[in-house]
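Colleague: The residues making up each chain are set out below.
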Amino acid sequence: MIFHFDGEPIAARPGDTVASALLRVGKRAVATSPYLDRPRGVTGIGEEESGAFVQIVSGVGEPMRPSTRVEVVAGLVVRGLGGRGGLPVAPDPSRYDRAYLHCEVLVVGGGAAGVQAATDAVERGEGRIVLVHDGPLAMAVPDAIQVLQRTTVTGLFDAGHAVALERRTEHLLAQPSPDVARMRVWHIRSARTVLATGAFERPLAFADNDRPGVLLAGAAATYATRHGVAWGRAVVVCTDDTGLAAALALHDAGTAVAVVADVRTGLVGDAVRALAERGIDVRQGWSAVGTDAAADGGVAAVELTPVTPQGVVLGPGERVPCDLVAVNGGWSPNVALFTYVGGPVTWDATRVAFVADRARPHLRSDVTVVGSAAGDGPMPANPPATFFGAVANGPDIASRVFIDPGRDATLADLHRALGAGLRSVEHVKRYTTIGTGADQGRTSGVLAIGLMAATLGVSPGEVGTTTFRPPYVPLPFAALAGRDRGRLSDPERVTAMHDWHVEHGAVFEVVGQWQRPHYFASTQDESMADAVLRECAAVRTGVGMMDASTLGKIDVRGPDAATFLDRLYTNVMSKLQPGRARYGVMCGADGMVLDDGVVLRLAGDHFLVTTTTGGAARVLEWMEEWLQTEWPDLRVWPTSVTDQIATVVVAGPGSRDVVAAVVSDLDVSKEALRYLAHAETAIAGAPGRVTRVSFSGELAFELMVPAWYGDHVWRAAWQAGQAHGVTAYGTEAMHVLRAEKGFVIVGQETDGTQTPDDLGLSWLVRKPVDRAGNPTPDFIGSRSFARADTRRPHRKQLVGLLPVDPQRQIPEGAQLVAVGADLSTTPVPMLGHVTSSYRSAELDRTFALALVAGGADRHGERLLASFGADDAEVVITSPVFLDPEGARRDG
Amino acid sequence: MMLIPCPWCGPSDENEFGYGGQAHVAYPDNPHALDDEAWGRFLFVRENPRGWWQERWFHSAGCRRWFAVARHTVTNEIRAALPEPT
Amino acid sequence: MTVELRRSPLAGAAWGDAATVAIAEVPFTPAVELRGHGSLQAGAHLPEDVGETRRLRSRSTFARRVCCLGPQWWLVTGEPDDLTLVDEVTALVDEVTAPVDEVTALVDEVTAPVDEVTAPVDEVTAAVTFGSAVDVSAQRTRIDIIGPRWADVLRHVWPRDLATLTVDTCAQGLLGRAQALLIREADDRVAVHVRASFARYAYALLTDAATEYA
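Line by line, the protein sequences give chains C, F and B.
When the letters of the first sequence are read in order and numbered with the numbering used here, they come out as residues 1 to 891.
When the letters of the second sequence are read in order and numbered with the numbering used here, they come out as residues 1 to 86.
When the letters of the third sequence are read in order and numbered with the numbering used here, they come out as residues 1 to 214.
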C-alpha cells in the first residue's frame, strides 16, 4: 500500500508503521528538532521515540505523533514535524466514546510476562481477567481473557481505577467513520492490577548522538527482523549483552555489522562466540564519541575510541563509516504506572536500573509489577556496565551531546544547571527541560540521572528519579469528552410543554439544566427587549401564560409534617390551613436565606412544598440531611414530585376568565377562590389543582396537573385564551414583573450572605412568642439572627433604584459608590451593588433592585453606579415600584 | 475517582455522592444557650487533619442515605463506613 | 382517566431492532414511592436489601414489581394498562395508626409473591400507618433496552458493574449525567427509569451508545 510522507508516495507493507516504512525505503531524515533545526530520524520502536515525530494530515489529523506508533493505512498522509505540530482547523466529525469495565484482574502489557500473568490468573480461577496491550497482540491468549488491543493505560487512580485509551480505527481507515468510534476511553475497575509494562532501552551520551541513523540497538534489530529493514553498514555500541544479541540479529537479517564497540572487557558467553564465528569485529573497552554527517544530515561515520569504565577517553580512536549506529546503553524498567499509585522504586546497581522496590511495602498492595518492568529475568552472562557515555574534552562538544533530543536539551544544559548550584533532580529537570517533552523521560531520564550522578560523584540511586504523572501518553480532549459533546455535554431538561414553546418562537435560556423559554419572539425580527416589553404589558393589561413546571416540588407528608416544616421555614407552617398556601423562606444554620417558595397544605399531614428551579435538589437534600442525621424520630417523608407535576401560570386581569373556561367544576370567582387558596378540580378533563398565587402582582392562577397532561392543559388554556388575547411569556418578563413588585429571586438578589431581614422579609420571620403569648417552635437559622455580625448596622439591604436618566439601564452587578467619589484612587468604598436591572413597560422607564449598606434608611438618597469606564446616578427608593397596596392581585 | 463504600449499595463511584465534611458534629441541643463564639465555632470551624479522619457522604444518585467513613486525607484510603447516620 | 389527553415524555419513541438491541419508551407506567417508618418491621414479602426486587400479584393479574431503593424506601411499578395500581397501593397508607403487627400482617397480604395464594388486595379494608405512598407515575418514564446486546450499550453510559444486575434485581446510579434506576426485567430486557425531564437526554444517550450494535 501507499502512503504519503512530506508529499512523496512511500510504499509500505502490512504491519508497517510510518517509522518502519520510512526506514525500509531509506528515508532517514524525518523531522527537524524544535529549537536547533537539526535533522532527526527514527530512534526507537515505541513510545520511547525521541526523533521522528510526524503530523497526521489525512482524515481527522493529529498535530504530533511518534512515527513509531502510526500504523500505515491506505490514504494516510503525514508530514515530518518541525518541532511543533499545528492543530487541525476543520471540525472533527469522528465519534468518540467511553466504556466501563469491571474485572478481578487487570494485566497491563501483552508481552511474555503479561500474557503469563493473565494465563496464571485464569488457571487460578480469579474471575474476569482483562489484558491491555498497546499494539496488536502478537501472542495467542486463552479465550477466557478479555483483550484490549491498541489500548494504552494512561493512568492508575484510586481503588483499582485505571483509564486507558483505545485507538480503534486508525489502523483500518484514514478517514473518520460515522458509525464506529475512532477512540474509546476505558474506565476500568479491577480488584488487582499486574503491571507487565516492560523496559525501555537507553541511549548513550556522545557528540552528535542525535543524527538520523543513530537508533536504539534493540529497535534496529526488530526493524531488521520483523520489518525487513536493511542498512548498508552498521556499528553497534553497547554496554550490555542485549547489544551483542542485537548485533547478531542485524547481521543475520542482512545488515553488515562492521564493529561492535562494547565498553566492557572480559566478555564471555555464547553471543561473543557467535559474533566471532560471523567474523564481526568486537572491540572491548571501546565506545562512541561522535558521528559525522552525510549529505542528508544523517550519520555517515561514527568515531569510536577506547574508554575507561568511567568514560574517560583514551586515544587514539577510529573513524568507522556506517549508515546505522545501533546504541544500547542499558534498560530502564517502565515503572511510570507503578509510581502513579505511590509504588516505590530503588536503584539496582547490578541491573544498572531503577526497578520497582518490591521489598518496600506500599499502600497499593493490589498493584504488582512483573517481568522486565520489575527487573526480573536471569542475569546475563556478562553484567551490564554502569556507563552513560563518553565525551571527549574540548570546546563546543557538550552542546552537541543530546540527552533529550525531543527538547534539544544537551549535556551543556545539564552542566549549566549543576554549575548554577542545582542539586535536586527535580530542579535540574525543570531548568534543562529534560524529560518534559514527548519521551517524558523514557530514554532521557535515567541517562540524565546517570550523567548527573557521574558529575557529582554519587550513585544514581542517591540522585533519585523525578515524579511521573499521568497521562502516560497524550490523551486527545475529544477522546476524554467521548459522546458528552454538543447537546449531550449536559442534559437538557425539558418540561411537558417544551414542544409547544419551540413551535411558538421561544428563545430558551438554560436555568440549572432546564431549558426555559427566556422570551417568545412574535416575529423573526423581534428583539428580546421588545418582546419582553410586549410580554410584560400583556400580563399587566390582559392575560399571559407561563410554564412554571421547572420549579421544585416536594411532597411532604406524615404525622410530623407540620412540625418538620416549622423547623425549616422562618414562618410557621403548622398554622396554615388545608386548602391554603403560604410563601415561605428557608435559612441555613448561619441565618442566611437558602431558598424560598410557596407551600400548599393539602391535609393535616400533607404539604406540597415548592422551591426555586435551581434550588430543588438542594432543598430536598437539606430535608433528608436533617431527618436522617438529627431528627430520625420525626414521622415525615419528603418525595420529589418536580417532574410529576406540570404547572401552568395564567396571569393578568383577564386570567380569571381564561381559567374559568378550562375548569369545569370549580368556582374560581373572587369570592369563591380567594388569594392563596387552592382546590382540586378537573382542568380540561385532567385531574388537577388550581391555586391563586401571584409572582407578578397581578391576579393570577397556577394550574397543576400530572405532567402527562401538561401539554394538553397548556394547549387548552391557550385555546381558551385566544378570545382574551393571551400572550405567552418567559423568564425574562417574569423577572421584570416580580421586580416591579419588589419580590426577590433567590440566587439573583441573594448569594448566601443575606438574611431575611436584609431582604425586607422580617415580616416572614416568626416572633419568639405568638400573639397568645406561647413560645413559637425554634427553626433553623434563628440563633444566627442574634449574632453580632448579623445585627451590625450598615448591612447591605434590599432597595430599589431609579436611574436619574429614566432611559439608562444600569448593568446588573454594577457597584454603587458615593456621588462624587474619586474613582481614580482605589480602593473606592463600595456601598452596594445592583442585583437586577430592567426596563419597565408599565412605568415606561428603567429601574433596578440593589443591595445597599443601610439601604432601608436611605430612601431618597443618590448614589453613583459604576460599571467599567462608565457610570450613572441613581436614586434609592423602596423596592416596590408598583401597586404597593397589592390591589391588583385580586383582579 | 474514589470508591465510596455505601453501606447499602456497596462500593460506588464518588460522583454518585454529595460530600458532607467532618462527621459527628452534632447540631447543638440548644443553640440559644451558646455564646456567639461557640455558635460561630459550630457554624464555621471544622478540623482539617493530615491523616485519618471521619467524614460524611450522601448517596445522592443511589439510596440517598447519609453515612460516615474513615478516610486518610493524604492517601485517600477509605475504611469501613458506619451505617448509622451522622 | 381519558387516555387520549396524555402525552408521555418520549411519545412512545422506539429505535433499533430487538434481535440485536432496541431502545423503546414504555409510556405511562404507573409507579408509587413507598416510605416506611424506621420502627416498622417491613412486611415479610417486601424486599429488604437495596437492589432486591419482588414480583407481585395483583387481582387483575397485571405484572407488578416492588423494588428496594434504600432502607425503608420502595418503588412499586407496573404495566401501563394497570390503571388501579396507584389507588390500590396508596390505599394502604392512611392517617389511622395501627399496631405494628397488624401493619406487618396487612403489608404481607398485599405484597405476597406471585406464586403464593393470598387474599386479593381489594379485600384489605383496614387502614394502616405505613409511612407514605406517593403517586410518582409521571415523575419518571420507563425506557427499555431490549435484545442480546443490552449490556454492550449500557457499558458505555453506566459506570456500575453490570454483572451484579441479575434478573429481578435493580440498581440506582448515573446514566451519563442523569440519575436513573435500572431494573433487570428479564434476560434480554432492562428497564431504565429516568425522570421525565431527563428522558430525551437519556434516550439520545442510549441510542447513540447503541449505534455500533444495531
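Hints may contain errors.
Stated by the list, open to error - Across the chosen pairs, the derived CB separations fall in these ranges:
(1) 83/B <-> 667/C: 57 to 65 Å
(2) 715/C <-> 32/F: 52 to 60 Å
(3) 507/C <-> 79/F: 26 to 34 Å
(4) 504/C <-> 83/B: 27 to 35 Å
(5) 512/C <-> 25/F: 28 to 36 Å
(6) 213/B <-> 79/F: 55 to 63 Å
(7) 92/C <-> 25/F: 48 to 56 Å
(8) 617/C <-> 79/F: 26 to 34 Å
(9) 362/C <-> 81/B: 46 to 54 Å
(10) 32/F <-> 530/C: 52 to 60 Å
(11) 775/C <-> 167/B: 52 to 60 Å
As the list claims (entries may be wrong) - Counterexamples of contact, computed for chain F against chain B with all Cβ distances above 12 Å:
(12) 11
(13) 35
(14) 46
(15) 47
(16) 53
(17) 54
Think of the hints as simulated: they come from the structure by calculation, not from any bench.
The model shown is predicted, which means the values in this text are computed figures rather than measured ones.
Glycine included, C-beta positions come from ideal geometry on N, C-alpha and C.
Colleague: Now tell me if each hint is right for this structure.
Modeller: Results of checking the hints against the structure:
Under the hint 57 to 65 Å, the C-beta atoms of residue 83/B and residue 667/C, about 30 Å apart, miss the expected range. The given range of 52 to 60 Å is respected by residue 715/C and residue 32/F, whose C-beta atoms sit roughly 54 Å from each other. Restraint check, residue 507/C to residue 79/F: a C-beta distance of roughly 52 Å breaks the suggested window 26 to 34 Å. Checked against the hint of 27 to 35 Å, the pair residue 504/C and residue 83/B passes, with Cβ atoms roughly 33 Å apart.
Taking the beta carbon of each, residue 512/C and residue 25/F are about 29 Å apart, inside 28 to 36 Å as hinted. One distance hint, 55 to 63 Å for the beta-carbon pair residue 213/B and residue 79/F, is violated here, with the actual separation near 40 Å. Take residue 92/C and residue 25/F: their Cβ atoms lie about 49 Å apart, and the range 48 to 56 Å holds. Hint check: residue 617/C to residue 79/F, Cβ distance near 29 Å, so the stated range 26 to 34 Å holds.
Checked against the hint of 46 to 54 Å, the pair residue 362/C and residue 81/B fails, with Cβ atoms roughly 60 Å apart. Distance hint check: the CB atoms of residue 32/F and residue 530/C are about 54 Å apart, consistent with the given range 52 to 60 Å. Checking the proposed 52 to 60 Å range against residue 775/C and residue 167/B shows it holds: the Cβ atoms sit about 57 Å from each other. The Cβ of residue 11/F sits about 9 Å from the closest Cβ of chain B, inside the 12 Å cut-off, so the non-interface label is violated.
No Cβ of chain B approaches the Cβ of residue 35/F within 12 Å, the least distance being about 35 Å, so the stated non-interface status holds. Interface exclusion of residue 46/F from chain B stands, the closest Cβ pair being 27 Å apart, more than 12 Å. Residue 47/F, annotated as away from the interface, keeps every beta carbon of chain B farther than 12 Å; the closest lies near 29 Å. With a minimum CB-CB distance of about 25 Å to chain B, residue 53/F clears the 12 Å threshold, and the non-interface call stands.
Distance check for residue 54/F against chain B: the nearest CB is about 21 Å away, which clears 12 Å, and the non-interface claim stands.
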